[in-house]
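*Asks:* The chain contents come next:
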Amino acid sequence: MPDSKDLSKLLRAPTGKLSFLDALSEADRKRLAEDVARASQLHSHHIRKAMAEALNHIPWILRAPVKKLFS
Amino acid sequence: MIDRATEQRRLAQVLHRKPDELSYLKALDADALMKLRVLLQNSFIDQFSNLFQKLANSGKIVPDAVSAILCRKVFGPALTANMSYYVPADRAARLCKHFDADFMTAIAREQVPERAKALLDGLPVELMREVMRKMVASKDYHIMGAFLDHLPEKKAETLMQELRDVADHLRISSFAQHKDRVARLALKLDDDRLKELITIAFAHAEFMLDIGLVTAEMNADQQRRMAKLTDEINPDYRRKARTLAEQSGYADRLEAYFSV
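Line by line, the protein sequences are chains A and B.
The numbers in this note's numbering rise by one with no breaks, and the one at position 64 of the first sequence is 64.
The numbers in this note's numbering rise by one with no breaks, and the one at position 2 of the second sequence is 2.
Because the hints were derived from the structure by calculation, they are not lab data.
Just so it is clear, the structure is predicted and the values come from calculations on it, not from any experiment.
The beta-carbon is built from N, C-alpha and C at its ideal position, and this holds for glycine as well.
Any given hint could be a false lead.
To be verified - 30 Å max Cα-Cα, derived DSS-like pairs, lysine-lysine:
id	chain 1	residue 1	chain 2	residue 2
1	B	Lys73	B	Lys117
2	B	Lys18	A	Lys49
3	B	Lys18	A	Lys30
4	B	Lys35	A	Lys17
5	B	Lys240	B	Lys195
6	B	Lys73	B	Lys139
7	A	Lys67	B	Lys195
8	A	Lys17	B	Lys26
9	B	Lys60	A	Lys49
10	B	Lys195	B	Lys228
11	B	Lys97	B	Lys18
12	B	Lys60	B	Lys117
13	B	Lys26	A	Lys5
14	B	Lys60	A	Lys67
15	B	Lys73	B	Lys54
16	B	Lys73	B	Lys97
17	B	Lys73	A	Lys9
18	A	Lys17	B	Lys54
19	B	Lys18	B	Lys54
20	A	Lys9	B	Lys26
21	B	Lys139	A	Lys9
22	B	Lys117	B	Lys97
23	B	Lys54	B	Lys26
24	B	Lys154	B	Lys240
25	B	Lys18	A	Lys9
26	A	Lys49	A	Lys9
27	B	Lys134	B	Lys117
28	B	Lys73	A	Lys67
29	B	Lys188	B	Lys26
30	A	Lys49	B	Lys117
31	A	Lys30	A	Lys17
32	A	Lys68	B	Lys73
33	A	Lys49	B	Lys97
34	A	Lys49	B	Lys154
35	B	Lys73	B	Lys134
36	B	Lys54	A	Lys68
Said to hold, decoys possible - Chain A residues, not near chain B, derived (Cβ > 12 Å throughout):
id	residue
37	Met1
38	Lys5
39	Ala23
40	Trp60
For reference, chain B alone in the conformation it holds in the complex:
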């Protein structure tokens, strides 16, 4: 299920606007907002596809190490990121092994995860770990959320273990569309960490909706675990959660959470 608020945040990033500034798109549902964002991102790439294709082709005749130097010293992250869609994924992954974490982070900021899926499959998680740390430090949550949707789940799990501040789970999750995946990752936290997550979520209005959507993706037993932990923090929280879920239209998917 696509979450509309998440999609509005992601579209706002692409349009260089604040999410509130897109209130004029209120007639569009989540699916339409996603279609619009994908068309927009593809149009950006297609506008220069001839250039990116030629740049990618120019690297075919030189060894990977030389291509990697050209990317770092000449093309820079913006052109390298866009070229990557026109380079076979295995070669792109080999080139990335020649890049340092700073350059990889700059490339990730330029990439459209939907278009880089094959590359993400082939990249070693060790390389991604350092990129993740740098993105957390620079608060690039919208990029991490978008990548979280398209990373192989095992890699996503390894990377999420890198997060020290539990609030970062929520910040990243607010930009991730696959709440079912976020739910599975959250359930790997122990009770103490999960309680920390719940505490932060209920202290911040912007996270309350998200933790509700994530919990809605859990099965009945898992929802009951969340309910028990929530009550241990503050029994009043579930009442607040119910009000919000009813207003936002997902209360029916939280039956087990509310029935404890």
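Okay, chain A solo, but in the shape it has when bound:
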């Protein structure tokens, strides 16, 4: 489970840029980190699925090199 310290990593922003979140309690920051991590996972899954579907349109013999090219 992510905690509030992970927010900087999850949002890809330095801690200094997240000072606007200081108004939140530690418990609320933890809850936010959980929501952000969940949304990020959903988005990541969505993009990986889209990429897998795109690769399915390519002849199987070319899939591995194309996947490597775009990874």
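Mind docking chain B on chain A? Use the hints.
*Replies:* Relative to chain A, chain B alone:
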């Protein structure tokens, strides 16, 4: 002025939550919620920026028509939408002309309007019109509201004329942050349509706040026009509006509306 409730609705969409589920963020003001949403949306794109950049680069060497076929048949809407941020806006607009309305609508659902502003500037409004119709049919109000904030105003005006159901103005407006723009678009409606809008707004608690915020962006003459039309429907409505405006802290911006 950023509206907090609008921003909470938009953040909830990005977090795959209901707006009420974000009540734990009550200590954050509208500006902070917006900063959080923008950071979050950018982090989603940045997470895969390497992939999107490579996909965008791969299309540089082939003609637009071939790239467009690749987008439609291979990459699909999610990758195409994200690639679009890494393609020069004029080329992205040219590619879009090869897409049908269904594909364009699917792309729009994936895009972050803030990042697609240059593309929106270059897209012909005819292409957007069909997308708008499809989004109204699929009730994608949160997407239309977000796009409304970033479209060139002339295009927004043309597209809003497509709305047949006046309640859709309010549904879209509830997700748009630029209430001043919504106000200018609403003022282009004739008195009958505007009365219809007011009637619907006062019949639904969720729209009452929004029509108040929109009216607050109007000048004194325009507010007086709104007041007159409101009284023609039900003189009691303005009393209700005042109570809500006082509770929500924008009554001082509705002076002309209440002074009629």
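*Asks:* Now tell me if each hint is right for this structure.
*Replies:* Verification of the supplied hints:
no., hint, result
1, B:Lys73 / B:Lys117, "holds, 25 Å"
2, B:Lys18 / A:Lys49, "holds, 25 Å"
3, B:Lys18 / A:Lys30, "holds, 18 Å"
4, B:Lys35 / A:Lys17, "holds, 10 Å"
5, B:Lys240 / B:Lys195, "holds, 16 Å"
6, B:Lys73 / B:Lys139, "holds, 26 Å"
7, A:Lys67 / B:Lys195, "violated, 57 Å"
8, A:Lys17 / B:Lys26, "holds, 20 Å"
9, B:Lys60 / A:Lys49, "holds, 24 Å"
10, B:Lys195 / B:Lys228, "holds, 10 Å"
11, B:Lys97 / B:Lys18, "violated, 35 Å"
12, B:Lys60 / B:Lys117, "holds, 21 Å"
13, B:Lys26 / A:Lys5, "holds, 20 Å"
14, B:Lys60 / A:Lys67, "holds, 19 Å"
15, B:Lys73 / B:Lys54, "holds, 18 Å"
16, B:Lys73 / B:Lys97, "holds, 15 Å"
17, B:Lys73 / A:Lys9, "violated, 35 Å"
18, A:Lys17 / B:Lys54, "holds, 29 Å"
19, B:Lys18 / B:Lys54, "violated, 35 Å"
20, A:Lys9 / B:Lys26, "holds, 23 Å"
21, B:Lys139 / A:Lys9, "violated, 34 Å"
22, B:Lys117 / B:Lys97, "holds, 17 Å"
23, B:Lys54 / B:Lys26, "violated, 40 Å"
24, B:Lys154 / B:Lys240, "violated, 34 Å"
25, B:Lys18 / A:Lys9, "holds, 24 Å"
26, A:Lys49 / A:Lys9, "holds, 23 Å"
27, B:Lys134 / B:Lys117, "holds, 21 Å"
28, B:Lys73 / A:Lys67, "holds, 17 Å"
29, B:Lys188 / B:Lys26, "violated, 36 Å"
30, A:Lys49 / B:Lys117, "holds, 27 Å"
31, A:Lys30 / A:Lys17, "holds, 17 Å"
32, A:Lys68 / B:Lys73, "holds, 21 Å"
33, A:Lys49 / B:Lys97, "holds, 26 Å"
34, A:Lys49 / B:Lys154, "violated, 37 Å"
35, B:Lys73 / B:Lys134, "holds, 21 Å"
36, B:Lys54 / A:Lys68, "holds, 11 Å"
37, Met1, "holds, 16 Å"
38, Lys5, "holds, 16 Å"
39, Ala23, "violated, 4 Å"
40, Trp60, "holds, 15 Å"
Hint compliance for this structure: hints 7, 11, 17, 19, 21, 23, 24, 29, 34 and 39 are not met, and every other hint is.
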